[in-house]
Every structure is written in structure tokens, then in C-alpha cells.
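Those protein sequences? They're chains A and B, same order as listed.
Residues are numbered in my numbering as their position in the first sequence, beginning at 1, plus a constant of 114.
Residues are numbered in my numbering as their position in the second sequence, beginning at 1, plus a constant of 797.
The reader is advised that the hints may include incorrect statements.
[Said to hold, decoys possible] Here are some of the chain A residues that sit facing chain B, going by a computed Cβ distance under 10 Å:
(1) V203
(2) L242
(3) V250
(4) N257
(5) P266
Hints in this document: simulated from the structure, not taken from any laboratory.
Ideal placement from N, C-alpha and C gives every residue a C-beta, glycine not left out.
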Amino acid sequence: MKSEERFRVATPEVIHQTIDGEVILVHLARGTYHSLRGSGAFLFDPLVRGASRADLAAMLSAGTDGELSRIEAAVARFVEDLWRDGLIVAAVDEAGGDGAVAASSTPSTKQPFEEPRLETFTDLQDLLLTDPIHDVEPPGWPNVARGGPTKP
Amino acid sequence: MICRASQTSGGCSETETLYVNDEAIEGGSYFPSKVQTLLLRAAFLDGDLARDSFQRWREIVDPMALDQTSFRLLPQLAWNLVRLGEGDPYLDRWKGTYRRAFAFNSTLFHAMAPVVQVLSATGIPALVVDEAAVIATVSGESGLRPMGDFVILIPPAEVARAFDALTAFGWRSTVRFSERLVASLRGAPFSGPDGRRIDLQWYLLRENCYPRADEPVWLVTQDRHLGPFGIRVPCTADQLLHVCVDGLQPGVGTRLPWSANAFALCVGGDVDWERLVTETARRRVALPVRTALRWIREHLKASVPDVVMERLEALPVTAAERRELRAKLNPWRPTTGLRIRWAHHMRAAAGRGCGRAATLAGFGPYLQQVWGLAHLGQLPSAVLRRGIERVWERLGRMAPLKRREAE
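Excised from the complex, chain B in its bound form (with noise of 0.2 Å):
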């Protein structure tokens, strides 16, 4: 692994670039920075590893300057730090960012309740999926973790009565009910009365967005409590196998780090490796799971076993999965945006059993749908302008880089 600089991360740039395949991926978004992986490491680590990386990353950071990502790793790292006895005069204000992630969670998992019991007296199944679900699975102590937002999955049969039921208990979505709506899209946020928001998925990931993409999901649940609220969500390798996949994205950083989260899973959600080796090979995405489980055997010592690195590895991935991945891990390119659209729709189109050009010709209304277009007519203007938006948001972005250095 070689690093360079090029990205700011808590008061430090740097970037790292990762081997995949023998090609050279940047992968500034997605990977924790060198000072980010020493916090990861004194947050969730034990004995002199934690130890010392918490004090070189002291002697690195500024407390009172941290970037997104770092803060919210600070109530893993307090309740760490109480558990290695070790001291500092922040202590008391990280122990402040778990008590207020514990409050907020917990209003929002009251507010949250209601809406999955909406949803299951009407009669349709309704998984609590992501962040919530990971705090249900390894600990329930949703002070660890400060939440995001709220994700709920559900069968793409029950989309349309999923919208009326939640229609009729107040919370309304920005885009409406269409049987092209759920063929292109993997969900859709909704507003409550209140202003908190849920993201309702009708498909876990949005590289399998297609009929029957989720059924094994469905056929292996858990029941767990977020406080005193029973849910249900998925098994312990599908979360780590959602983690991995959905971490890698282009701007998530207001996110807690896929990493932290999937580390957690492994050390604390006794992961069926079997499932997990056969789902990333029947959904296609062994590329990114087998990057993400890599990266946390390298730097948080994860127990990932032998032979399931072994059979990731050994798993065919296409060129253009690598081409997506690389896609990914550069979202600041103009085209980014476009080719990830098309490497999903590649992949919903096969899923659906669709030829060559009828996967040429859907594109075009695809990104209709996605983008909110009225007609297809919008569509080279949007391309257009969204083009040039991300030229405009790289060079925001620069912008202050640019100075940094002149100074």
C-alpha cells in the first residue's frame, strides 16, 4: 500500500492508494486516512495496540478540530478509553458526545417505532436495516454509535401499500409511487410530521436492485431490541456483507465509517462466513467485500478467517466490476456519476434476464426516473448540468487545498 498526499482529514492530508487486481485504485473517499486508522484502532482495540495508537493519534490531531468522520468514532473512544483506564484531559467531553449519541438515539428509535408497527399491522414484513440494525446486533448500546439515518427494508411487492400505509400515518415522500419507481430506484426517503425521515428500501443494495435480488435476505432474520423496542433485521453476515458493499460510495463521509462498523460485526455479530462467501458471489459484489474485509484484517486485525479471504479472493470478478469500483473510488471525476448510474443498470437489467440492447435502450429512462425527469427530453441538459456541477464541486473542493498550500 503506498501513500501520497492529496486529501485533508483531521487537520492532516493524505490518501492512500489500494491494489486491486494488480491495478492501482485511489481510494481517498472510501479507506480511513493513516490518522483516522489510529483513532479506529484506539476506539475499538484492546491492550498496547489501542494504547499507542490513541497516543500517537494524540499527538497528531487537534481535539477541538476534527473532521466528520473522526467525531463520530469520539463515543466508541471514550467508552474504550474508560475500559483501558487511560486518561486525557478530553476525556470528560468525549464521554459528553456518548451520552448526547445516546439520547439522540434514543429519541429517534421512539420516534422510529411507531412507523415499523405501521407498517407490520398492515401486514407487511419490514426489516430495520444498517446503522440501527448494527447497534441491535453487536451491543444495544446505541451511546457507541451516533446515528444517522433511520433505513427500513421491505419486499419491492410491497411497495405501493408500504407508500399508503405510511401516507396515511402522516409522512410523505418527494418522489410518487410509480411501478417504474421501484424497477429503478433501490428506495425512497420519507418525511414525518415531525421533520425526521426514514429511508424506505425496497432493495438492500443498489447493485442488486431487481426482482428476487433480496429473497434469501428475507428467508434468515433476527429479532433484537433497540432499547426497548423489538425489531427485526437482517442476519449478521448480510449486515456485514451491506456494510462493506453500501460503505463504498461516493460521499459518506457524514457517515460513522464503514470500516468501524464492519469491524464491529465481526468481532461482535458471530458472522456466518458460509452465507457470506455465497451471497458476494451470487450478487456479484466480491470486488468491494473482499477490499473492505482486507482492509480491516490489515489495520484492525479483524478476525476474518483464512480460507474466507482465501475464497473471496478466489471468486471471478468482470471487468466491469472493476470498472465500477474504480468509478467509485474517484466520485470527484465529471463522469462519475454516470458510469456508476450505468454500472447499476448493467447489473439491474441482467438481473431481470434482459439482452444487450434492451439494456441500452432502458438507460435512457432509467436515469429519467432516478434523476426526477418529467420526460426523456430533459435528459441531455441534466447530464449536462450535473456534469458541470461536479467540475464546480471539485474545484470548490480545491479551493481551500489550493490556499492551504500557498500558505
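One chain only, chain A, in its complex shape (with noise of 0.2 Å):
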């Protein structure tokens, strides 16, 4: 995987949405659910929107105040997560990114840097099944409880 490679979501069988920063992405083919952590909500829409690995090092390393070697690796392994996942695919064909995406993203005061992480549940038909306000841990489903019912 080259640093200038450029990806797109893997539609069909991929879907995603942003709820409160926080992107949510199910592969209905292979019945998976994700989660976007830490500064992963805010590369994911330049990622797929063309924006490469170095792209993304770059706007995190303008807007964040983390090292950029360490960004870098941060980076490298979050694209990996999601290519490895089937959620992304190589934009082959398709115009890349450009220079607008990432400065439009950039936020304008240094933020402390958070890895980008990707949190992946394997088996979304059982956790379909589970209550999404009894059965959980407070931050919410799919965070299931296994010790029962919990409160906030």
C-alpha cells in the first residue's frame, strides 16, 4: 500500500453515516460493524473523498499537535484497519483528492492529538438482537453488558 494511494467506501456492500461526529459504517456482506474513534470520524470523509495516507498525515499534523512521524504510523495503520476490513477500497480510476479537501478539514487551533481508531463488532445478527437501552454499557450499543442491566 503506497503512500499516495487513494480509496473510496466499498459501496455497495459498505454503508456509513455521522452521528454526532462519530462515523458508523456496517459491511452488510460479511455482517460487521464499525466505529470510528479518536480522530478517525474527521479523516474519514477526506479519505473517501480522495484525500492519500500523506494527505491525511498532513492536515492531522497541521491541526493537531502530535509528532508527525508518530502521526504517520498512526495513520498508516488506521488506513490499514480499514482497507484489511473490506470498508475501503482503492480509488483505481477515479480523480483523487486535491489540496481543498484537506484545507478545508483542517481545524484552525492545534487540538491534542488522538490516534485514529477503528472498533470493529463482528457479529452485528447477535447484537441486533440485544436491547439497546437495558442491555448495554453506558456509552451505548453495541457496547453490550455482560453483566446484566446497567444504568447511567
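Using the hints, put the two chains back together into the complex; each one sits in its own frame.
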């Protein structure tokens, strides 16, 4: 995987939605559920609009207080995870991202660096059977409580 | 509007009495309770009205003990609270209901897309109707509306071919195809190899089950998307009419309330109001449509134009239509089911141009089809059994209330 490689969402098998800054994805063919944590939600939109890993690392570096080398490694892992789980595919014949994507998404003040992380839940059908109010940990579905009903 | 205690909802007891043409009709199962109305306002409205409604709702309810109807509104509530910048210790859980609804609906649409494609490939026109159509029409954000059944509408002339196509695709129905089935029922449920279910309908409304009843529906349709899947849905005015009339049926408590869908269509659906009035008159459903629209105007501040309400209010309503509405709003009387069946049968017979004698003579065979009886001789015992079951259900519902009152 080259650092200049560009990606898109693996539609139609993968669909995604954003709620309150959190990106959630469902891989329909594999039956998996995913959530992007840390700076993952921030990176997802430019990534699937054609920004390369190098672009993403530059964006995070400009917007956060992390060291560039650490950011580059974290972005590489994040993109690798998304690709390995089948959520993105290479955008081989499509127009790539441009500077405008990166520039418009860059925060104006430096934030503390948070690693972009992909959270994966593999058995969606089982998860869908759980009660999303009573049988979950305080962060809510799909974080299922193992020890019985919980309260905030 | 007068309120008095009688129905349990969200831990509170209340029901509303509605006045339709100066006749009081109990609306416990149809109209959202006062507590549910607060939740609807918090979930759909903007600014202080939404915030105040949310605060009042939170003072009243235990979020861990919500009724089914309220539970289904939680994704929309979470979305609106985030938009309003309101916090709550339960907000993360409510956002979880959005995530779950998004995941559930997405897998449902993924499973249903091939079914729609099978019908299309066979040359059968197919419209997605009901909740999935509302999702596709209003915003496409499937996480806001937890889905129940997936409903597909086909023309009545295509029912035989649709049965064959779905059966060949591995789907099974609990009823067998016959011409009398098409004449008697609005549709039939099918189960897929993986246990999923669709409702195949050949008439949009139970109130209009006769040939050509839905011809205008097929003339104005919209291309929409459910996630990545392209579908066709009725125009927004027809959907709004459908939501208002179809919501007014006994036993809809496990679905998203009709009021939520009607409000969403009014706000975000670009309604052709002229068509709504015309179709309401042609289908003779003025009473439920204006009752529903009046409610969302009054309680959710929906922007239904005054002139539309005036024209709906001016439409003629027969005594039979009033009796029909009264029966639907009182689902727990022993004869309710029979009275509703009779009303639907009369409407279908009128649509087919049957005279009084033919209508009367046809009611027995109609009930035979609807109840799946092998022969007409089983009818008296079936009527008796259903009456007893209704009384039994009523007693079963009353028992917990009486216990609570005693406590």
C-alpha cells in the first residue's frame, strides 16, 4: 500500500452514517459493524473523498500537536485497518483528492492528538438482538453489558 | 379536547377524547398520549418548544421503562438533542438506539433489495410503501426510524405472477393465491429463506380494495434511494394520505407512531396538497385524514395550509364512515373486528358497483377469505370464537390496570 494511494468507500456492500461526529459503518456482506474513534471520524470524510495517507497525515499534523512521525504511523495503521476490514477499496480509475479537501477540513486551532482507531464488532446479527437501552454499557449500543442491566 | 384517565402509556395513565363532527370518539389507541406528545415535540421540533417539551418529558418518565411507541422515537430524539445541543445522562444510550436502527435497517434493505429486483426483473411494477418509503422520501437517514415490516405494493392484476416469482425465489406465503383472495384482501405476508418477512400488497389502503382504486398512485411515483439501493415510492401526497389512514387501525402500537411519519412528510416531503385533497375525496377517507392532519397541526405545529384544512373539513362524510372511524378507535369491543370488516367490505363492494343485496350476500364469502376458513359453514363458530377472544384480550389488558389501581 503506497502512501499516495487513494480510496473510496466499498459501496454498495458498505454503508456509513455520521451522528454527533461519530462515523458508523456497516459491512452488509460480512455482517460487521464498525465505529471510528479518536481522530478517525475527522479523517474519514477526506479519506473517502480521495485524500491520500500523506494528505491525511499532513492534515492531522497541521491541526493537532502530535509529532509527524507518530501521526504518519497512526494514519497508516488506520487506513490499513479500514482496508483489511473491507470498508474501503482503492480508487484506481477515479479522480483523486485535492488540496481543497485537506485545507477545508483542517481545524483552525491545534487540538491534542488522538490516534484514529477503528472499532469492530463482528457479529452484527447477535448485536441486533440486544436491547439497546437495558443490555448495554453506558456508552450505548453496540457496547453490550456482560453483567446484566446497567444504568448511566 | 378533553382528557381523562384510562390508558397506560409510558408509566402514565391517560387517553384523549376527540370530537369528530361533534361526536365524541375515544382515541386512546390512535392518538399519542400527552406524555408521548411531549416526546414527539422534543424529537421533531426546534428551539424552546423542543427544549421545554424535553425537560417536561424527562421530569415525568423513567427512561428505563418506556412504552414501545416512545422507545421507537428515541433515535429521532437523540438526533434532535444533538442538534439542539441538549445533554442528558441517557443521551449516549439514545444515540445507541440510532446506531442500532441504522444497522438493522441497513441489513433489512440489503435483504429486501433482491426481492424488489426479482419483481422488477419479472416485469411486475413494484413500489416500496410505508415506513421504508417515508425514510427514502424524507431524508434517507435510516437511523432515525426503526423499521417494522417491509411493504411492497404491486398492481392487483399482477398478483398471480408476483406469487409465482416470489415462490420461485424461495419466499413462502401463509395464504394460497386465488382470484377471490385478491378481491378480499389488501395483501399477504411472505417469509424468506432467512426468516425475514415482507408484506406484499396489491391495494394501498384497506378502505379501497377494488380494481382501479390505486390507478392514480401508479401514475405519479418518485425514484429514491434506501442506502445504495434504488427504489420507487409513491408521491409524497399519497404517502401522507396512506400514513394518516393506515395509522388509524387497531393494534399499531409496535410501529413508529403515524404522527411521526405524517409530521416528517409534511415538513420534508414536498406535499402536493391539491392531490391530497382530491385523493382524500375520491377515496372517501376525509374523516381520518383531516383528523390526523388537525392533530399534527395542533400538537406538532405542522405546516398544513389553512386552505387545505378548510377543503378537507368541507368534504362530505357519511354516517357509515363515522361508524367505521368509531369502530377503529375502540379496538377492544367484542364486535369491533366484525364492524371494521363490514365497513371495508361495503367500501369494496361499492367500488365494484355491487348493489345492496350483492353486498350483503358477499359478506360471508368475504369473511371466509379474510379469516382463511375452508368453507362457509365454519363462519358462525369463527365469529363466536373471535368475539370471545376479544373479550378475553380486553380482560387481560384490564387486569394489570386494576392491580395498579389497587396498589
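We went through each hint and held it up to the structure:
1. A hinted interface residue such as V203 of chain A counts as satisfied when its beta carbon comes closer than 10 Å to some beta carbon of chain B; here the least separation is about 14 Å, so the hint is violated.
2. Interface hint at L242 of chain A: satisfied, since its Cβ lies 5 Å from the closest Cβ of chain B, which is below the 10 Å cut-off.
3. At a threshold of 10 Å, the smallest CB-CB gap from V250 of chain A to chain B is about 6 Å, leaving the interface hint in force.
4. For N257 of chain A, the interface hint holds, the least distance from its beta-carbon to any beta-carbon of chain B being 8 Å, beneath 10 Å.
5. Because the beta carbon of P266 of chain A sits about 4 Å from the nearest beta carbon in chain B, less than 10 Å, this interface hint is met.
In summary, the structure is inconsistent with hint 1 from the numbered list given earlier, while agreeing with all the others.
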